[in-house]
Every structure is written in C-alpha cells, then in structure tokens.
Amino acid sequence: MDAILSFRDIGKQFYGNRVLSGVSFDVAAGQIIGLVGENGAGKSTLMKILFSMPEIHETGGYEGSILWNGSEVKFKTPFDALDAGIGMVHQEFSLIPGFTTTENILLNRESLHRSVLTDIFSTRISMLDRENMALRSKKAIAKLGVTLDPNMLIKEMPVGHKQFTEIARELCRDKVKLIVLDEPSAVLTESEAEVLLSSLRLLANEGIAIIFISHRLREIVDLCDQIVVLRDGQKISELPAKGSSVKTIASLMVGRSVETQGQTDVADTYMNYGSSEPIALSVEQLWVDMPGETVRNVAFSVRKGEIFGIGGLAGQGKLGIPNGIMGLSPSGGNVKLHGKPMQLGSPYAALKRGLAFVSEDRRGVGLLLDEGIDWNIAFSAMQIQNKFLKPLLGGLFQWRSDREMLNLANEYIKLLEIKCTGARQRVGNLSGGNQQKVCLAKAFALRPDILFVSEPTRGIDVGAKLVVLETLKKYNSEYGATIIMISSELEELRSICKRIAIVYEGRIEGILPHTAPLDEFGVLMAGAKSETQQGGRSEN
Amino acid sequence: MKKLRLFLIENSVVITFIVLLAIAIPASKLPGQFLLQEILTRLGRSSFLVISLLLPIMAGMGLNFGMVLGAMAGQIGLIFISDWGVIGIPGLLLAMIISLPISVILGWLCGSIMNKAKGREMVTGYILAFFMNGVYMLFALYAMGIIIPVLNLELLLSRGFGLRNVIDLINVRQCLETFIPLKIAGVNIPVLNYLIIAAVGIFIVWFRKTKFGQDMRAAGQDRAVASAAGISVDRTRIFAIIISTVLAGFGQIIFLQNMGTINTTNSHEQTGLFAIASLLIGGASVTKASIPNALIGVILFHLLFLVAPMAGKNLVGSAMIGEYFRQFVSYGVIALALVLYEWKRVAQEDASRAMLRGGVAPDKGKVNTL
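In order, the protein sequences belong to chains S and H.
Counting along the first sequence from 1, when you hit position 385 you're at 385 in this note's numbering, and nothing is skipped either side.
Counting along the second sequence from 1, when you hit position 247 you're at 1247 in this note's numbering, and nothing is skipped either side.
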C-alpha cells in the first residue's frame, strides 16, 4: 500500500522545551492508525503541526517533513490542509447550537441560488439553495451509515448525534482523504461509541484514511490496523493492533524504565501509620460539574494522618474532586468529615471545618497577585479564623495586625526557602516555584486537618519540587494532618503517597499501593480494567 | 406546570404590559376612535426605527444602542433639505440620500469599535452614541453657518451661526401620510408608511435567507465556530451594524416628517431608548427578535404612552405621572430584559450540563444504524 501521508523525523520545541523528536510513520489509504500516549506525549502537537496551526509558526515552525500523496507539503494555514483533503474532528464540538444538522454540515459551504444581484455584488447576497443543501448533507450522513435528522437543531441533539454531525461535516468536503479524530468517543456512551467505531470502519473500507486518537485503549485495539505509541515526544513503538493487548499498550504508554526508583525509602515514613487510625474523610457518590474535569461518581475514604494520592490523565476528573469538595464547582454527594456530614458548595463552610486547598490554578484561585507575600499567607487565616486581628475600642472594630502577619511570613519564607526580596514583595513578581511555596504557606497558616494539594509541582523547577514535597511530608508527620494530593505525575505520587487512586472518566478506576508495578497503574489510567470487564459482560 | 412557568417567564414583559393596559385604558376614559387613530399613526411613524434593530441582534451584537448615530445622520439630511427648501417626497428622498454616506461611515466606525469590544457591544454602542452626540453638537451649533453655508437664515440663531433649537419641517411635514389618502370610519390610514414598512420587512426576511444572513446567524451564535469555518466574523458584524445604522437614519427621517419639527439638540437622544424599549416590550430578547416583536412592541408601548397621562390624571390627579411613566417604563423594561437574558443564559448552561450532575451515567443517546 502506498502511504498517502508520511511523517518524516518530525520534531518540535517550544522555547527550548522539546516536545517532539524524530517521529516518523506512514498512513495508507483506508488504513486506521491509532495514536496513543499520555498527556504531554506529543499527540496534539503532532496534529497541530499537520494542520499548521498558527501557534506552530509563532513558535518557530517544526523540524522534519510531512509528505502528502508522496510530495512534501507545508500548509500555510489550517484551511490549506482542509483544502488538500485532510479533515479534523475536534474534541470539543465546533457546531453552531441554533443551526440544524444540515446547516452545520454545510457551514460556510452552503449551496447558493445564483441571481443578477450575485453578479453585481458578491456571492454572499445570493439566497441559500435549501433543497440542494439537504441533498448534500444526506449524502454525507449516508456515508457514515447512521440516520440523523437533517432538520434537527444541534442544541436538541444527544451527544452522539453531535459527534456524527461533526464527522459528516468533514466527509462533506469533496476530496477528503484523511480524517483525524481527537478523542471522538470521550463523551459518548458505550452504545454510541460502538456505532461510531462501525461507522469509521465503513469509511476506511471506502478508502479514507483515519488517524484515531483515544485514551480508550480497548477501542484502539478493536478498531485500528496499526498503533503508534508516543511517549515524551518520541515514537516508542509502532505495532499492528491485531494480537496486541490493552496491557502491552498501556505499559508502553507509561514506560517501564523508571520502575524501581524511589520506593524503598518512603516505606519507613509510614511506620506510624496504621489501619487502626479513624477515618478522617469519607466520600460517597460524589459528582462534580467542573468544566473539562467532570466527576461522575467517586467514592473513597482517607484515614487520619494518611497521605492519599489521586492520579489519572488530564480531563478524566481528578481535579474535579478537590474543587467539588471545597465548593469551587457545583457538586453533590455524601462527604463525611470525621463521621459528620459536610455541606458541599460553600468554600467558607469547608474552610471552617478545617479543610484547606492548594489549588492547581495558582495565579487564578491561589494568590492575590498584586499583594505582598505576608498578605497572601495570612489572608485565608484572617478571613476564616480571625487570626492576626486585634480588637480596638473594646472589640467594636477589628484591627489588622501587620506585625504578626510579617512575622508569620518571615517564618514561612525561611522554612520553605522562598526566594524573594522581602516579605512585602508582590507575589506576582515571584517565580512559579516560589509562588507555589506561598500557596502552601497560605494553606499551612490555616493549620488544616485535611489538606488538598492539587498539582503542587506543575510548572516548577526540580529544586522547588523537592522542597514542596518535603514540606508536605513534614507537615504530615509533625501535625498528623491528612493530605490528599492530586497530581498528573505518577512518580511524584508514588514517592510520597501510600495509596494511590486512579481516576478514569469521572470514576475511581482502582486504588493501588505505591509499590504496585507501573504497568498496573498504566492499565487503570487507560481505563483498560473496566473495559475488559465490560467486554466480558457483553459477551455473556 | 414547569412549561407554564417557563412560558410565563419567557413572556413576562408582554404579559405585564397587557395587564397594565387592561387597567390603564378604561381608567383613561379616552375614546376608542382616538386611540385607534393615534396607534395607526404611531405604528407608521416608529416601526421603521424599531425594525432597524433586528439585524445586529441576529449577528449576536445585542441591542444596537449605536442606532442613535444613524438617527443623527437622518437629522443632518433633514436639516440640509430644509435649508435648500426641497419639498415633499423628493425632499425626503434627498434627505435619505444625504444621510446614506454619513450613516455608512458612522456605522463602519461603530462596527469596528464594537469588534474591539466583543461581548460588550451594548454598553459600547451606548457610550459611543453619547460621544457622537458631542460631534453632532459641534456640527449643529458651530459648523452650521460658519463652515457650512446656510442659505435660509431663519434656521440660524440670531448671532449668525449655529442652528436654532427647533427646525420647522413645513416642507415635508406628513407628506408620506397624506400621499395616499385613505379614510375608513373617520380614521386616517397612513398607507404609504405601511408600504415602506412592508418593504423593509421583506428586505429583512430576504436578507436572512441569503448567504450573508446565514453567516450573520452563524457569527451571532458562535463566533469561534463561525470563524473556524472560514467566515469572516468581523466583516459580517460591521456589515450588520452598517445596515442597522442606515435603516435607523431612514427611520428617523420618517419619524420626524410625521412629527413635523426637529428639536435640533435632542430629537435623536431618546430614539434609541424608545426603539429598544418598544422591541423588548414586543417580546424580543437580547439574542432573538422578529418583525412581529417589533410591531407588537410599538403598539403596546405607544398605547401605554397614550393612556398613561389621562389614566394618571383620572386616578392620581396628575398628568405628569404619564411622562414619568414613559421614562420609568423604558428604562425598567430594558433592565428587565438584560437581567432575564443573563438569567436564561445561566439556566440554559446549567441545563446543558445537567446530565453531568447527580452521579448518573450520561444520557443514553439513541443512534440508529441503517
């Protein structure tokens, strides 16, 4: 088979940060390629290069070459790629909610009636040819092998129909030869996803090549002809789907090279920790409506004095858990703190009950960027616990005690090695790592019973990372505080947590001890466990 | 029950007005024939202005407070034909022709500025109208007679430059209304006005069906998706504002020829406010408005205007309450519409995410294979 698209040694760096290097593979007509990898493995960057998105040019282009139909191409804009016959179906629906299926499929490619006015002015004042439009959209839908109501409004459609509408839009281009689908099944139910997969097979039989990006490894194995695994910007493996197991792919994705690092030393930190400790926080049937991080049904419990880890790929809902419990996103379910039910939906109530949260959104939620370090550290404690306030005129007014705040700030600056010009420096001028330390200090100043730490080491340098993790451990052992750490970095979780829960599609896929082998985590992260189970069930 | 509640909330403005009128009309003790005559006249006078607001709403730019710019352009046209002494329908046509390029330039300016302030078009248009009012004043109070020669000295203040406060439109007064005289049961019907309004209505309907209209709807509903599909969103939006401004200019000319005089300094000031209030009273929202909304709105709004002073006098003993009511109602209804819009948007957003809440599996969509 001749390749219609070939990547040759594709590399890309963003400001010296290498995200792709030496990636090569071919796509033949009618072939379905599965592209898998963890978040940040380089999948989306590769697709952005293919479509020549503006952010690629703006950051200095890419290395290597792309061959389309055997000759090298350099598209100037995404529209050039579309004209050449490459279609893209995005993760988020790019459909107009108040338009019908037909109108969306033919968006900006409508059939027009020509008239005298058209010749005088421009084509934009010709009337739409609705009949012809209906015909064209029906043809595109038929290619997919599904039935869609051409006159239904997008906003009234079930999610599955939206996905098909979007694919039909790409099919409707005259000479489309390749379609890229980015996580097309992420929002679909199981039955919808099955229909989607059979539609895609139908398209492949017609000779259309497909690049299918998905975290659902079961689907990848079922659907694709060839699987390309990316890890840390490199092509780790390319293997035929036939005969590959979900487990092999999962472990290829996560990688084994670091398997034996940093496990033994942590075990003794938990010498004092035992299962006799009472349960500090129990969560049942938690749902959280956080955009992009939906939590559907989560249950876990954490014992007093434990450091509990929550991991999983981005977008699966791990970040939703702390944001929901702390009341930053709409949420519901049964959350019990020391056996007593907790009110959800109010950050004040959560803080008052002795919970604290170091947000993953440092600059947005975590800090008052225009204020000094002292203010930032003392702020929550002052608001919630009336610390750093002195009564005036017999308690008629409460006066802020700047000196106490300054002392506190200096204490934490020393403790956490915050690099700054002084306690009054604007937080906005600090580096990311030091900002993160201020966030931690702010949470510590509340002396919380239970501390949620979300992505504590994201975007900070190695030195600061170590200090942050050490401080967390220290706070845990000195005050017996319970810490729940949410992180995308599995290694980091394994280095300080004893138990790690992996979240997949808004549910806890499984909880593993930190000593469990890496590929078991990989299987959970890819949702392969439940999918194998489901597969078994449907066979029965 | 839920549907009924939704219906009541959706149409709360219209319903409130009908209730108000049901109380005020009998209380005013005005004769029916008088009311009918007034409403028919006012329908012919104001509808054009209200219809000029429709396209920007379709393009997702909200209520075009910038239409006041068009009203100014229309007034400038009328001022020139009064000076030159062109009479009757040709005078009106000339005024429209003069207003056209001014409206296009102002509309382009307004649209370009609104493109820089996406999502805040309404307040931008509102403030822009205040700003352009200053420029208009400069034109009316200084430029006329100094830079721009004025032939008819009666238009000027006694100091030799600057326009008088009131300009008499004796040359064109009510020439549309009297062009096709039709009287049924003692009530004069402004036939030509209605024909013009029908024409602009047909124009709007036709425009919606063109490619341009389709682009405008797409840009109005989701700018990002529209521009990803290759639609030039910014140009489309500017075009919507230009059409709106031009129509507002024509509308103001039709309005003022019926009134018969121009208040040089403030005829245009309340044009936007009253037109927008009328449209909202007719059941339109910030994102959705139709020609029936415009016509129903004009009827309800003006009925209340008519009966409020007499009703006020009969009920409270003061006719002033009517004038007070007019302002109160206009601003109140706009505020209500804005709040309702925001409330509905949040409710819809919540509803669209409802399936993600409550710890249940997503709604099983029905997809059938052939």
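Rather than coming from a laboratory, the hints here were simulated on the basis of the structure.
Heads up, some of the hints might be wrong.
[Said to hold, decoys possible] Derived BS3-like pairs: lysine-lysine, alpha-carbon spacing no greater than 27 angstroms straight-line:
(1) Lys1118(H) x Lys155(S)
(2) Lys247(S) x Lys177(S)
(3) Lys1183(H) x Lys155(S)
(4) Lys155(S) x Lys1209(H)
(5) Lys1313(H) x Lys155(S)
(6) Lys155(S) x Lys336(S)
(7) Lys387(S) x Lys352(S)
(8) Lys1209(H) x Lys138(S)
(9) Lys1344(H) x Lys155(S)
(10) Lys1002(H) x Lys155(S)
(11) Lys1209(H) x Lys139(S)
Since the model is a prediction, treat every value here as computed from it, not as a measurement.
Straight-line alpha-carbon gap Lys1313(H) to Lys155(S), limit 27 angstroms: 50 angstroms, violated
Given hint Lys155(S) paired with Lys1183(H) - CA-CA distance at most 27 angstroms: 50 angstroms, violated
Hey, Lys155(S) versus Lys336(S), does the alpha-carbon distance stay inside 27 angstroms? Outside the cut-off at roughly 38 angstroms; violated.
Quickly compare the C-alpha distance for Lys1209(H) and Lys138(S) to 27 angstroms and report which way the hint goes. Distance of about 21 angstroms is within 27 angstroms: holds.
Between Lys387(S) and Lys352(S), is the straight-line Cα distance small enough, at 27 angstroms or below? Measuring from Cα to Cα gives roughly 13 angstroms; hence the hint holds.
When you check the alpha-carbon spacing of Lys1002(H) and Lys155(S), does it fall within 27 angstroms? 20 angstroms, holds
For the pair supplied as a hint, Lys247(S) and Lys177(S), confirm whether the alpha-carbon distance does not exceed 27 angstroms. Not OK: Lys247(S) and Lys177(S) at ~32 angstroms, beyond 27 angstroms, violated.
For Lys1209(H) and Lys139(S), compute the direct alpha-carbon distance and say whether it is at most 27 angstroms. Between Lys1209(H) and Lys139(S) the Cα gap is close to 23 angstroms, so the pair holds against 27 angstroms.
Can the restraint linking Lys1118(H) and Lys155(S) be considered satisfied, given a maximum Cα separation of 27 angstroms? 23 angstroms, holds
Between Lys155(S) and Lys1209(H), does the CA-CA distance stay at or below 27 angstroms? 21 angstroms, holds
Pair hint outcome, Lys1344(H) versus Lys155(S) [Cα-Cα no greater than 27 angstroms]: 15 angstroms, holds
Hints 2, 3, 5, 6 from the earlier list are contradicted by this structure; the remaining hints agree with it.
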